[in-house]
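Keeping their order, the protein sequence lines are chains S and V.
Residue numbers for the first sequence follow the working numbering, so the first one is 977 and each next one is one higher.
Residue numbers for the second sequence follow the working numbering, so the first one is 544 and each next one is one higher.
Everything labelled a hint here was simulated from the structure, so no lab data went into it.
Since the model is a prediction, treat every value here as computed from it, not as a measurement.
A virtual CB, placed ideally from N, CA and C, is assigned to each residue, including glycine.
Treat each hint with caution, since some may be false.
Claimed, not checked - Here are some, though not all, of the chain S residues that point toward chain V, as calculated from beta-carbon distances under 10 Å: (1) 990; (2) 1076; (3) 1089.
Stated by the list, open to error - Derived CB-CB ranges, DEER-like: (4) 626(V) <-> 996(S): 28 to 38 Å; (5) 994(S) <-> 691(V): 33 to 43 Å; (6) 1011(S) <-> 612(V): 49 to 59 Å.
As the list claims (entries may be wrong) - Heads up, incomplete: computed chain V residues facing chain S, CB under 10 Å, no partners named: (7) 573; (8) 582; (9) 630; (10) 653; (11) 699.
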Amino acid sequence: MDPIIALSLVLALVAGATVLGLVWRARQGRAAVVAPGATAAQDTPLTPADVASRLPFGANGTLVQFSTDHCARCPGTHVLLAGLAGQRPGVAHVDVDLTHRRDLANRFGILQTPTTLILDGTGRVRARIGGVPNRSDLLQQLDHLTGSTHDQLTPVTR
Amino acid sequence: MTSSPPSPADTRPDLDPRGPRFGAAITAGLLLVVVFLSLTGASVAALVGLAGLAALFAWGAFAGAGRHPYSMLFKRFVRPRLNPPVALESAAPPTFAQGVGLLVTLTGVVLGLVGVAPAVGVCAAIAFVAAFLNAVFDYCLGCQMYLLLVRAGLLGRPVA
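Chain V with its partners taken away, still in its complex shape:
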């Protein structure tokens, strides 16, 4: 005896879950470089780097996690070398997580542009922790943030 799971048409499982983790590993590495640049006082380089990463997050957030450049790399070069995925997952949570990443990195970029240079490193460090947990521990930030935003009343309002 069981009830039907919530499965709207746009959240059908169609994504190899290892794709977003592969992308998160690259992103985490690049964010660490930004943190290092920011700490060593290379403010301009750090700001440019974070702006580039924000643009990549925007790509994932608006085009979908499955159409992100890293996802393309994964499909082209990595997935053919791996075993088939155990199960496919919906692209909605990683796409949402890309939006969260965009928000965090864009905050750093904006603060950096108005002269708050340390914010670049701090925002890069925050985004790094999320990307690292995603890549190494398979933590799904999008899933958790989505629920917390529902609880805060910012998403998923009761259907009128």
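Pulled out of the complex, with its shape left as it was, chain S reads as follows:
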């Protein structure tokens, strides 16, 4: 192949990888709202037993973090979520190790760690965050949770 064409293909490869990286980064850590009534499975409230947690869920909401023992960002995310949960009354943080719980990873369709589910006071999934949570997204979701405890039917919007 002509070196100029080969060089162009190499540059195209770099450009493609850059686009891939930008798309990936834009999606990382953003809270994806789970609309109530989307599917029956999503509407079923979760219990601590559903995520193999020995700790109870919070009265106002729970941050369910999924980790493995091969996860560079999970410890940092743990610190972030535990800190935020500690500042809010009735909000719990649960860290679930998927390393030996393939069933849970499959049930919740976890494709990356950390992944965080934001549950309301009833245990229903309100939002989902893939990757290290974006702090302001997370705070917004927590505000909605504590604000919507009197009217559970109000959909969470961003």
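With chain S fixed as given, assemble chain V onto it according to the hints.
Then chain V, alone, in the frame of chain S:
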């Protein structure tokens, strides 16, 4: 209220996360050279280059990401010029990623040896994308592959 994080003894945070990214940047550059050589028809040079990179991946995968030659370079020459790391990370995910890199590059080498010359360039390109995303965007391939292999049932089977 919080539960304890999964932290087995061998995954204690002890690695400057910028080390693996520094190494990934060098690896990505070298993989691009292999892709270029393969495209221009320099099959032997491309095969030798990819075999060399596979050997480096093997070093990282078996000795650990913290003992990789690039990691040594980083500790000796780069880290002293940088601010202290914000946080240390476990060496387990980048070490695992080195194993994934070894698998991909070794596949290219084996296919190249049995006469499938384009496979050398294709495997180098795949490995390049992973190394590039790691270096530039801090994407952790090891973390993601590990979870997907757990989900496939190949790793982390339930403790009997």
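Hints, verified against the model:
Given hint, residue 990(S) at the interface with chain V, holds; its Cβ is 7 Å from that chain's nearest Cβ, closer than 10 Å. Hint status for residue 1076(S): holds, given a least beta-carbon distance of 5 Å to chain V, under 10 Å. A least Cβ separation of about 5 Å between residue 1089(S) and chain V falls short of the 10 Å threshold, and the interface hint therefore holds. The beta-carbon spacing between residue 626(V) and residue 996(S), approximately 29 Å, falls within the hinted interval of 28 to 38 Å.
For residue 994(S) and residue 691(V), the hinted distance range of 33 to 43 Å is not satisfied, since their beta carbons lie about 24 Å from each other. Separation of residue 1011(S) from residue 612(V) is about 51 Å and conforms to the stated range, judged on CB atoms against 49 to 59 Å. At a threshold of 10 Å, the smallest CB-CB gap from residue 573(V) to chain S is about 13 Å, leaving the interface hint violated. For residue 582(V), the interface hint holds, the least distance from its beta-carbon to any beta-carbon of chain S being 4 Å, beneath 10 Å.
Interface restraint check: residue 630(V) against chain S, minimum CB-CB distance 6 Å, threshold 10 Å, status holds. Using the Cβ-Cβ criterion of 10 Å, the hint placing residue 653(V) at the interface with chain S is not satisfied: the shortest such distance is roughly 22 Å. Given the 10 Å rule on beta carbons, the hint for residue 699(V) holds: about 4 Å separates it from the nearest Cβ of chain S.
The structure shown violates the earlier hints numbered 5, 7 and 10.
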